[in-house]
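From just these sequences and the hints, can you work out the full model?
For the protein sequence lines, the chains are L and H, in the order given. Just so you know, we're using the numbering used here here: the first sequence kicks off at 1 and counts up by one. Just so you know, we're using the numbering used here here: the second sequence kicks off at 94 and counts up by one.
No lab work stands behind these hints: they were computed from the structure. Keep in mind that the hints are not guaranteed to be accurate.
Unchecked claim - Using 25 Å as the maximum straight-line C-alpha spacing, the simulated SDA-like pairs for lysine to any residue come out as follows:
#1 K182/H to V81/L
#2 K6/L to M173/H
#3 K182/H to L88/L
#4 K22/L to K96/H
#5 K68/L to S51/L
#6 K182/H to H53/L
#7 K99/H to E83/L
#8 K89/L to S102/H
#9 K6/L to Y164/H
#10 K23/L to A140/H
#11 K23/L to H184/H
#12 K22/L to L183/H
#13 K3/L to T133/H
#14 K3/L to K116/H
#15 K96/H to N59/L
#16 K3/L to E79/L
#17 K116/H to N185/H
Remember, predicted model here, so these are calculated numbers, not experimental data.
Number of protein chains: 2
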Amino acid sequence: MAKVFKALSNPNRLELYLQIVKKQEASYKTSYGCLICEITESLNIGAPTISHHLKELANAELIFTERKGKYLVARVNEEMVNEVNDLLKLHNG
Amino acid sequence: MAKVFKALSNPNRLELYLQIVKKQEASYKTSYGCLICEITESLNIGAPTISHHLKELANAELIFTERKGKYLVARVNEEMVNEVNDLLKLHNG
DNA sequence: CATATAATTCGAATATTGTCAAATTAAGAG
DNA sequence: CTCTTAATTTGACAATATTCGAATTATATG
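Dropping the structure here:
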């Protein structure tokens, strides 16, 4: 589970993750997920670094990625996000 | 906020945090918090490293620490934990 | 005071990370 | 086939992180 937190521990990578969430939620009716090339400009890192970070998010099972022709589509793994939330939940008053 | 995730990204530090949560919840009636010396044995790292990790958790504002005579007491910052939970919450179906 | 326990500081070694530039692959469009 | 855009791979480098041993400080107790 530390792997998930590590995946979110870098500011640029966290931003990348949050953009994916945002894009996916914005298109939840069609459930297209997030086209990576649509968010690359809003991040201040180069394409190789984005590719590298995406792999880390996927390796932590926070997202799934799938190639759609020329494009890469990312989707959030909601189960994993729920697991993280459960771990952090506090049980007292 | 990435700082919080970084604080939890190291396996030993995450374990340390979870032990603090557990100890605190176990004694929530008295709200003593967690005596650090009571959990050092269950972690497979030395005292200097624990001291260092505690500082990182405190720096990320995940915990508060307070000296009680010879001992150090740690308490979870519930507000911060709630903020993290809010950030990770998903808003679709 | 002398001793013991809890915790911190310091310095160093080793490992991991984040990032980029350059080259490469993947795939579609003309 | 050629060109363009999207993404990946490789190799490298600087910056950070993790951990420990040794020494030190803080505090309580006999």
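For each hint given before, does the structure comply? Return the numbers of the non-compliant ones in rising order. 9, 10, 17
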